[in-house]
Structures are given as structure tokens and as C-alpha cells.
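Asker: Assemble the whole structure, with the sequences as input and the hints as a guide.
First to last, the protein sequences are chains S and V. Heads up: the first sequence at position 377 corresponds to 377 in our numbering, and the numbers run straight through without jumps. Heads up: the second sequence at position 681 corresponds to 681 in our numbering, and the numbers run straight through without jumps.
No lab work stands behind these hints: they were computed from the structure. Honestly, I wouldn't trust all of these hints.
Computed from the model, here is a short list of chain S residues facing chain V with C-beta under 10 angstroms [unchecked claim]:
(1) S183
(2) G253
(3) V254
(4) H299
(5) L301
(6) A307
(7) A334
(8) A347
(9) D395
(10) R402
(11) D414
(12) G416
(13) R418
(14) H419
(15) R423
(16) L433
In silico DSS-like cross-links for lysine-lysine, where the CA-CA straight-line distance does not exceed 25 angstroms [to be verified]:
(17) V:K995 to S:K201
(18) V:K356 to S:K190
(19) V:K992 to S:K201
(20) V:K137 to V:K465
(21) V:K250 to V:K387
(22) S:K300 to V:K969
(23) V:K399 to V:K387
(24) V:K575 to V:K356
(25) S:K196 to V:K995
(26) V:K250 to S:K197
(27) S:K190 to V:K992
(28) V:K995 to S:K190
(29) V:K915 to V:K793
(30) S:K197 to V:K995
(31) V:K465 to V:K416
(32) V:K928 to V:K613
(33) S:K325 to S:K268
Pulled from the structure, derived: some chain V residues nowhere near chain S, Cβ distances all over 12 angstroms [as the list claims (entries may be wrong)]:
(34) K270
(35) Y286
(36) R366
(37) K418
(38) T536
(39) G563
(40) T771
Ideal placement from N, C-alpha and C gives every residue a C-beta, glycine not left out.
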Amino acid sequence: MKQFILAILIISLLFASDQIPAPRQDHPILLKDVTIHPVSGPILTQGEILFSDGKIIEIGHRISRLPENTEIISLPGKHVYPGMIAANTVLGLVEVNAVRATRDFAEVGSFNPNVRAEVSYNPDSELIPVTRSNGVAIVLTVPQSGLISGTSAAMMLDGWTWEDATLKMPVGMHIRWPRMTVSHSRYVRKSPEEQKKERDKQLKELDEILDKARAYTQSISAEKTPRQKMDLKWQSMVNVVKGELPVFIHANGVQQIEAAAEWASRQKLNMVLVGGRDAWMVTDILKKNNIPVIIEATHKLPARRWANYDESFKTPLILYEAEVKFCISANGGAFQAAHQRNLPYEAATAAAYGLPKDEALKSVTLYPAEILGIADQVGSLEVGKDATLFISDGDPLEIMTRVEQLYIQGRKVDMGDRHKILRDKYTEKYRQLGLID
Amino acid sequence: MKTLSIIFLVSISAAQVKPVDGLHDNTPRVFVLENGKIITQPGQVIDGGIIVIRNGIIEAVGKKVFVPADAYKIDISGKTVYPGFIESYWKREDKKPSSLNFGKEKKKVKPAPVTNHWNERVHPEYRLINDFQPKEKELETLRSLGFTVAQVVHNKGIFRGQSALIHLGNWHPESVIAENGPAQIMAFEHGSWGDKGYPNSLMGTIALMRQTFYDAQWNHNARTYYNRNRDKTESPDLDRALETLSAVMKSKLPFCFETNQELAALRVQKIANEFDLNFWLKGNGYEYRRLNEIKKMNTFVIVPLDYPETPDVDSWEDALDYDLEQLRHWDQAPDNAARMIAAGIDIALTTSDLKKRKQFHNSLLRSIERGLSKDDALAALTTIPAKKLGLTNLGKVDKGYTANLVITDGDYFEKKSKVTEVWIQGKRYMIKEEPVHDVAGKWDITISGGLNLNATLELIQKDNKVSGKLVVDSTKIKLKDVENEAHRFAFTFPGKDLDLEGIVRLSGTLQNKSITGSGIAPDGSEIKWTASWTGTLEDPDENKKEESKKESSSELTPLFPEGAYGFAEQPEQAKKILIKNATLWTSGSAGILKNVDMFIRNGIIEKIGKNLKVSGSDVYVIDATGKHVTPGLIDAHNHSSAFAINEGTQSVTAEVRIYDVLNSDDIAIYRQLAGGLTIVNILHGSANAIGGQNAVIKLRWGQTPEGILFKEAPPGIKFALGENVKQSNWGDDNTTRYPQTRMGVEQIIRDAFAAATDYAEALGLAGFEKTFSNLPVRKNLELDALVEILQGKRMVHCHSYRQDEILMLTRIAEDYGFTIGVFQHVLEGYKVADRIAEHGAGASTFTDWWSYKFEVIDAIPFNGTIMNEVGVLTSFNSDSNELARRMGKEAAKAVKYGGVSQEEALKFVTINPAKQLGIDPYVGSLEKGKHGDFVIWSDNPLSSYSYCEQTWIEGTLYFSTERDAEMRKHISDERNMLIQKILVSDDKGGEKSMKPNGDSHNHFYSCTEGGVH
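Answerer: Okay, here's the thing in C-alpha cells:
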């Protein structure tokens, strides 16, 4: 009962963010006198970009024929970039990680292929406006638990309902690869033998799951009686075994990555590697198997005491040089859901340590779009793509830069957020006290 | 191994009080050991000597000595005699301690005597002998290694009690040499996170040790005072622990501290210095890493030979998880004893810490093979411990010494040698039953009767097991069912190769290398046979094997600290440094200067200006054209570089000190240097309202804990408020510790200061009204720290989130007349910035963390800049050993959220935290007279694209990308070399391989370290 009251209290406190979702774009907009960073092509200075009905119509200089009602916005000194994409987070599935009632990202059990992230994405989460304020327009919201966690969805950070916000679902089937090495940590209670046993059991389980999923797939397509009864779990695996839905395998250790790549190749699955802490050691395997990598955070400690201090800063550079497809995400943990706005700085650090700057920018825009299979709509500024873009006073990878306006599918997003409201509220306090102007 | 002890007599009559049970036993006790090689003491050998033993005492030793007529002669030709070895630290690893139980083992125990110390880990008065019941098997194991005497120590507690000295013969009253032995045994024992008993951290243990030593002194004084003033004084509590301890301290008896790694030895020294203790160390095998420091202690170290298992590096992936430090330890550990001896440290060797005690001989032989001298090893087993432990008449084979001897079948310090017997107090203990007959070799055998045959027998004998072949011309027939016992020899063999269907059985009697016997052929007919020994069998493989197995001492020398990125030699200060043509972010009144030079002499900034002229060839010139130079960055809130962070057992633990547990070897130091950080405020965690004392360190990588301390920094202490303190997120098991609400937190803190005030008044400190007290006032480390706060000498760093609690604490402080130093985190500081400014506290905040727990849902990234604008001295901190590497860029968030200038933003991580820590007279800005702590950046330090190229502290280069690149190359080469060495070596670590450290070091430190979020 006590917990229930607490939950009610919290829910009422956090019920809805104060920002109002933007209406559909109802007139064409031209941004002019801006520097346009299409990401997919060369930078246009003194450029113009025209979008209408949520789509980019034209990019260039002095666009001659403007549709009727075009709103012309001149932005000298400003820059336009495609909205950034955070490719690995539980944003929308958690509000305050320490408060259990607000945690919705980990279903119980080890085999949950059927759970879908988008259905419990809370469009009124206070975390969402805070995140988009810094130019992050789209997130991949990922369930987290067990061996097979469920399917992720690409969510646009604006909308009245989760359905409004969904850009694509499902994006991938998320698998958390078993730990391959024995942990000797004092926090791990299981003996080395037990750990190995468990690992081997899980590896076997992964193969068995695919066998059964294939059997189910065959059974539902066979013209026979009696009809195969619906099984939600196997049903959700059908597109995986058909190779239509990629598996997003979360793996960090080098042995995990090697094993996962072998498994996906043997099982003929379409694999994306998520995490990839040690990916830089096995770029040949990744390249050979055509496995893209969502590098989870550059802002993390080196994996081993003897490793280079800049190991994680340089991982993107090494993948880039080895011609492995990659993008950069922030930490996907629940603690970091509130901090996805710092995504561009993860990429910037890679650039500080050698990755070309334009690659760093792509690694949070175009590359994640490609890896998530949404590049036909977002990730770069190209005619025909969504007008999901933002205006800033400089390079968004620089912390000092400010993002001024975000458009998602041409909709002008409310740039307010909880932080700005509280800032304004207490600035007013000090104004009343005469402490500031 | 089967051992057999032959007891020549049951009791020693002289001191016998007990009535004789049955008949008197008067077996003669006079022996002569003849023809042995006698090592009387290290370096002294008598070949073919004689030892006369009478009633447990050595009566004579020498080449030619008088042999008394009543002595029973024992021929030990071919054997070597050593003085009986001394086990200097026999700690029995029994799981259930006899009369004391701690922690989770706790079951229903009898209530402790009322005179015991309040803390169950403090029992210096404990007499181990009362509960000591050695198992015969344990004694046999020690004897089989040559040990005849041991110092036995208790295995539980912090103050564990006096050690005892015993003989390792059959357990009898006369085995006890001293029940109140030479040393008080000490250990840094503590519970772990989640245990509710104090202490549950190393910090708490050290604080408890110190308080207990003070209490012992006080107890003595208080009792003395009471005895003189019984008419007007209450009696102080009777505490046997404190009484014992005070006596041990006064008599200057040694305290023997157990240590688990090299830095622990340095910790011991600090405690010993504080209380002027005579101390020994029970070592750990890592001493070689801090040899100079340990040498300077001029103490006695009891060293285990616990060498690491071999790393499993068969696959390159698995090899990754072994730290360089582990690989290097594998290579160097067996040289530890020899290096200590070479450094001139007095050591004794012990079997302690070995997973199996029997590994001792093998480990010792490895060290000998690597160059430990046999005499030194012998001394460490005999004369040195005898002297240190006060074992007069032991440790040598000499007239008048107790007849404790080790007899081996060869040189004890060579392979294949074995202890065959030991003598203890004149009693003989056979270690190994010698085979009745050694039948190994070639025999001519003649068989007649039912089978006629002349052939050769080839026999191999290992201990009592015999195997062999019957060689008939070129046919070799394997023998079966070979028996060699009770002077009889028997075997069978299949007749197939001799065209007989069935088995031939032969048996006979052995005497003087010949056998005569009979048998039965497969057809049932009788056989007669004889055999005689003709010579030994050659084993061609064995010698070769020995050759290849030879170990040699490690070619490595220690790094500072040991492992990757350690320095082979400590970097030295450049006496004169001239930085030319830099963009200098002074963080001082001069602002940002372009194209200027800075001159640093002896680690101090001497001059800043354009085109400085400094001549001399000894000037270290840095061309900083195009580079940005800033003060070394400062992190006002960090939890790395310490072996403990939270002593979370009590709500007030002001007595514990981070200073006591600094870990100068933490790789976090190097990584933070690589991000331009030079100074870090290491704070106690936030598990309780009044936590422990902080330590401000300079990141002088490679130095000792004492060496990294920023000595000029004023002392501070950690307070905490809110969810962590009231255990909101600790789970349902933690709902009873006071306080559980913010209301209670306020009361706990008030209560602490009320107690501190009473204490200060009792002491009559300046500024407090003296109150009358009868007994001498007990020194209280906890209250000392609180009084220092009241006196304004100790700065409060308070972990805080919500505005109500921030306001509350300023009110308490003002009620008690002091000012809070810094509100840490202070995520709702922006709501009460006017109050913080008015109170005069600083604020050190996260830039933009929020929403990870309920009390931070109102945290905003504008917090820092709003507080700054309203007039609060504000800094950004990391609270994370990862973020601490990127503080320059973190400062840029002050520009982003709040629009402060870049110059001002950098101050959030330079001069502002310096002011908050009270170290701004020395550091925090680049100005004349300040420390030469600076960072060279590739570009604007606030830019996301810049990186740190060099980090200097007081004119010493601690990090540079250039040297880092060299180190990487070296690390990679050395790993490869060591892995190759491991791969070609024999696996000497036993069946198990070394546990890799893996990513276990990779602990993300934050103030809730230990499990609270």
C-alpha cells in the first residue's frame, strides 16, 4: 500500500512534461543565409534549405521557385544540421532509475523476444525535452534483460503518443551475449565452473532458440491442418530467422564478439554489434562478416588496467581506418538515459583523438541512421528525406555551441524543458531579491 | 606422505608435576648421531661429525668429541643435519575460531565477559594457548618440512592477542615454550560493505587501532588517577584489553602487523610512529616493490613464499585479462626474499599464506635456484627468527642448545632432497618410513625347476612401490603384483613370451641384496630361484630434464608503481623551465595572455611576460607556439586512489581518514594526469551523515601515499545529507539505522556538535568554557575532528542535493559558529544560492547529472552558473574517475549553460576549486610565486577537439603524450617477453592458473561506492 501511494505520488509529480508537441508542418519553410551541413555531401555556406509537409524539398543557393505561403527565415551566422540519433538508450522507458515504479526497460525472464520497446515509451517523460534541446532528434529505445531482450524502436523525440513518436519499429532483436570469460570479481558469487556451465548452457540455448524459431516459421507457412497455434515468442522470431529483422547483439569482450560473429554467420543472421568495447581488436572479423558496430560510449574507462588511457577515445578511429561500419552512441544504461543530450561529445572526443571531424559528425547522424535502417528518412539533409534538423550557433560537437531550434519532420519543436523552466523560475527569485538584473 | 613418529619417551621427568600414570618410564634418553654432515649454523659445516644428545639437550657437537658410554649410537652416514627450523608465523586456518566468532559466522555465542573490549575484534588479552589444539596431521606436515618450533598466532581480530611459542613435537604441556609469547599480533581486519558491525572498511580499522592505542594510554592514566583518588572519583570501566595493551606498549614488546601488500607496510609505519611502537611485519611477498621504504623501517619481516600461479596465456584473448603487473609479479615474486636480504632486511621465512603448506619446500627451492643463498635461507629459518623471537638455545646445533634437529637425505636446499627425520626436545620423529629394502637396479636371476631360465631383472623403486621387467635375451616381460615388504620380495609375470600358458608366481626372502625363493609355474610345477643385485639402472632422461628446468632470477626491476605505466625511475624536477610563446590561461587577474612566456624555477612560477630572457644551458625550454597552457586542473570531489571510501556502519565516523588508506598505485592517477588533472580532493563516501576525513592529493604518479599528499592543504571532512544517509535506496534490510528521515539527519548532526562542545569544554580548549572533570579526559578521535570543525580548522565538504537540507546545514553551522566549507553536488543549490552566498560556503557541483534518483529530479545544468552569478564560489567536480579525465571540457558547460566567458568557465576547474580547498595560495592559477603545476593543451582547453599533451606538477613532467607512446611500446614488448617466458616455462603454479584481474580494476568510483545509488 505504501509503495502504491509512493508510486501515485511520483507519477503525479512526473505526470507530464510541460512542453506541447508541435503540430504538423502546415506551410513550407525556407531557412536561408545559413551554413548547411548535409553530412552526406559538401557544406554549403550562405545556403538555403526548403522543406514542406515534413520533407526536404530543396537544398542549394538562392532557391528560385518557392511554394506559396513559404515562411522565409533568414539565419545569418547560423548552421543547420540533421537531427542527431542516439542509437542505444532506454530513454522513454525510465524516469528515475532509483525509483522502481519508473523502471520499464527490463522484463522478467531470459527469453523475451516478444516485448516491444515502443509500447511503453512514455512520450511525456521529462527526459525527452531535455534531450532534444541539444539536437538529439531520434533515439533507439532498447529493452534490456536476459539473453533475448525484445525489439527496439526508433523514436522521434516529439509527439502526443508513442504511436506519433515511432519512426520505425521493430528496428532490431536485441540479444545480450553471454559472458565468455570467467569473472573472478568478489561480487560474483558463482564459482568458475558454475559460470562456465551457465555460459555453455546459454550458448546452447541460443542455437536451440533458432531451431525452434525455424520450426515455427515452417509450421505457420505450411498448408496443413491443424493450424499452428499462435505463440507470441516464436512469432516474434519469424522475421529474425527470415533475415528480415537484424539481431542487435550486445557484446563487449573480444571473446564475446568473436563468438557472436561466428554464431550470426553460421545462423545466417543479419547482425549489428552493440557495445563493442574490444571491437578494435577484431576489425578483420567485423569487416569480413560485414557487421556494423554501435560503439557504446567513448567516455568510458579503458577495459584493462594496462590498456592505453585513450583506448575508448580511439576505438572509432581504429574502426574507421579498418573500414568497419560504425556509429557512436552514449552509454545505454538506465543511469545515462537522462544524459543522452551529451551524445555529440562522445563523438567529439573521438575526433580529438584522431577521427576526422566529418566522420565524427556522421557517427551520430548518418551512420546510426544507416545502421538502424532509417537512412531513407533521416540522418542527413537530402531532398526527399524528413525535415528532421536543427539550427545551432556553431559546431554541435563543441560543448559551447547552443542548439536554437529543432524540427522533427518539419514540425517546429518546443525548445523548452524542465531545466529551462526551473532556471527561469529561480532566476526570477534572484531578480525579485535584486541579486541579478 | 605417510609419516611415522617414533616416541622414545613419553614424558620429560624433570618438570613433571602430574602423578605418573602406571609405571615409571625411564627409557634412556642419551643418543649419539654419528657420521653425518652437520650444518651447525649458516656457513658452518662439520663433515662426519658427532652430536651427543642427553635428556633433550645437545651435550656436545664436533668432529672429535667425547662419546659417553651410555649413549645409544645412531649412524646417520650420508645424511645432513641442520638446526631445527623455526616457523615464525603459524596461523591455523581453521574456519571456526575456537572461542571467538565474527561477522556472518556469528551463531549463538556465549555473552562475552563484561571486562572484554566493546569491539569484538579487539582482544589483545586473548591467550591462544587456551584454545590451541593442533591436529597431529598439521604437526606432521610442519615437521616434514623441517620445522621443529613455531610462533603460533591467532587468526581473528584486529588486536589478536599475544603469540605463543611452541615445539612441534607431540602436543604436551612441555611443548609450550611461552604462552605469552614475543609479539602482539595485529591485522587490518574489517567487515565488508553491508556488514553492520564497525569497522567495515580499512579506514575504520585503522581508526579503531589508533583510538584503542589512545584508550590504552588513557586507561592506564585514568586507573592510576583513580587509585590515588578513590575518595572522590568514579572508577573507570575495567577493560582487560586496554590493560593488556598498555602493558605491551610500556614494555616495548613488538606488535607484529599482518600486511597484504607493499603499501600496507607503509601504513603500519605511520601507526607505529604515532605511538612509538616496536613493530614487526608479517609480509606478503610484494615487498620487492617498495624495498627502499621497507628497508628504512629497519624492522623484522616474516616473509611467506606464496608465489603466484602461472597465468593462462595460451590464447591471446585470455592473455589480455592479465595485467602487466600480474605478469611481472609472476616473474619477480620468487626473487622477493633474495632481494629483501640483498637490501639488508632481516627476514624469516614462513609457510603461511601457501595454499598448501607442503609447497614451501618447492617454493624455497625455486628461490634458491634463482639465487637466494642457502646460508641466507637457513638463517631465515633458524638463527634470525631464533634471535628475534627470543628463542634462546634454539636455531643452532651447539652445545647447550635444545636438541631440535632436521636430518635430510641430502642438501635440504637442493632438489630431490627430503627430510627423513626431525628431533624435537631430544625426541626423534621419523618423517618417512624408509623402505626396508631398496631393490632398485639390475639383478641377475636364475630360475630352475618347473622353469629353467637365466635372465635379468630391472627394478625401479619409488618410495615403497616397485615396478620392473624381466629381461630374457631381448624380450622384456613386465612384472606384475610386485611386493617388497617385511624382508620378502614377490612378483608374477605372464608366461606368454616364454611359450607358457598362464602366470608364473615367484616369491622369496631378501637379504643383503640377494634373494632366494621359490614359486609355481603355470602348470603347477614348483620352481626355485635366486637373484643377486649387480648395479643401478641408468635413467638417461632425468639429467636432461633437470637442465632445462633451471630457473633464473628475474631480469625485471620494480616500476613505480608496479605494472603498466609505472616509472622505472621517478621523473625529476626540471630546475628551470621556460615555456615560450604560449596562450596562457592564467585563471588569475591577468586573464588569458597571448604569445607569452612563463619561467619556472625550482618548481615555482617566477615570471610571466613577453619574450622572457633566461640564459643558461640548464634551462628546459618548451616551445608552446600554437598551444594553450592552463593551470593544472583541480577536482574538488573524487573517490579514486583510496583503498576504502565508506565506513558506513555508524552515522558519525569523523575519526576515519582517507589519509590512512591512500592508494598511490591506482591507475586512475595516471589516467587523470592524461586529462590535465593535477590535484584531487579524495573524499569519504556519503553513506553516513558525518563521514570521514578527506585527503587532498597531487597526482605525483609513482610516489608513495605519503608522497602524493598535498601537505599544505588544510584538513577537511565529509558530511552527507539526504537519500544516501537515510539509506533510502539501500533495500528493505536497511530501515533501522538512525536516521531514516531528513528530520533525523538534522538531529544527528546537532547531537554530534553538542557532544563535541562538551568534549571541548572538558578539555578546556581555547574558546570553550572549562568544565570540571574528575578523571583525565579520554582522547576521542571522532570528537577531535568535530572540535576542529567548531574551531574553524577543519573544512566541511557536505554532500547535499535538496534546498531544504542545504539551508538546514547552514543554520546548524551558524548556531555552532562555523562556516560550511563546500556544499558538494548541491544540485538544488540554485534554489538557495543567496543563502549559500550569505553563509559563505562554496559549491562544487556536477555540471549536468540529474534524474538518476528521486532527490535529483530538480537538478539542472544551469545550477553552477546561477550560483556563480548570485555570488557563490562555484566549481565543477567529477565524482568519477572517468569524468575526472575530462574536466577541461566539462568546464565548457559553464559557457553553454549560463553564458559565462571562457576565461571564467575554466576557473570552475582551476582557481575556484583551489579556493574551496584552501590551497589557492599555492595553486589554481598561473601567477608568480605559485606552484609550477600546468598543462599544455593542443588547442583551446574548453574545445571538445583539444587534448592534453603534457601535465607538469611543480616543475616535474608527470605525463606527456610522447612518453606515453614510449611506455606503450615498452608495455607491449614486455608483455610479449613475459608471455613467451610463461609459455616455455613448466607450470609450477600447480593445476590452477592465476586469476586474471581482467576488468576488475575497472571500478567506477563514486561517492556511493559500495552499493548505494
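Asker: Compare the structure with each hint and give your call.
Answerer: Here is what the structure says about each hint:
no. : hint             : verdict
1   : S183             : holds (7 angstroms)
2   : G253             : holds (8 angstroms)
3   : V254             : holds (5 angstroms)
4   : H299             : holds (6 angstroms)
5   : L301             : holds (5 angstroms)
6   : A307             : holds (8 angstroms)
7   : A334             : holds (8 angstroms)
8   : A347             : holds (9 angstroms)
9   : D395             : holds (8 angstroms)
10  : R402             : holds (6 angstroms)
11  : D414             : violated (17 angstroms)
12  : G416             : violated (13 angstroms)
13  : R418             : holds (8 angstroms)
14  : H419             : holds (4 angstroms)
15  : R423             : holds (4 angstroms)
16  : L433             : holds (6 angstroms)
17  : V:K995 to S:K201 : holds (23 angstroms)
18  : V:K356 to S:K190 : holds (23 angstroms)
19  : V:K992 to S:K201 : holds (23 angstroms)
20  : V:K137 to V:K465 : holds (23 angstroms)
21  : V:K250 to V:K387 : holds (21 angstroms)
22  : S:K300 to V:K969 : holds (23 angstroms)
23  : V:K399 to V:K387 : holds (17 angstroms)
24  : V:K575 to V:K356 : violated (53 angstroms)
25  : S:K196 to V:K995 : holds (15 angstroms)
26  : V:K250 to S:K197 : violated (58 angstroms)
27  : S:K190 to V:K992 : holds (17 angstroms)
28  : V:K995 to S:K190 : holds (15 angstroms)
29  : V:K915 to V:K793 : holds (15 angstroms)
30  : S:K197 to V:K995 : holds (18 angstroms)
31  : V:K465 to V:K416 : holds (17 angstroms)
32  : V:K928 to V:K613 : holds (16 angstroms)
33  : S:K325 to S:K268 : holds (19 angstroms)
34  : K270             : holds (26 angstroms)
35  : Y286             : holds (16 angstroms)
36  : R366             : holds (25 angstroms)
37  : K418             : holds (34 angstroms)
38  : T536             : holds (46 angstroms)
39  : G563             : violated (7 angstroms)
40  : T771             : holds (43 angstroms)
The earlier numbered hints that this structure contradicts are 11, 12, 24, 26 and 39.
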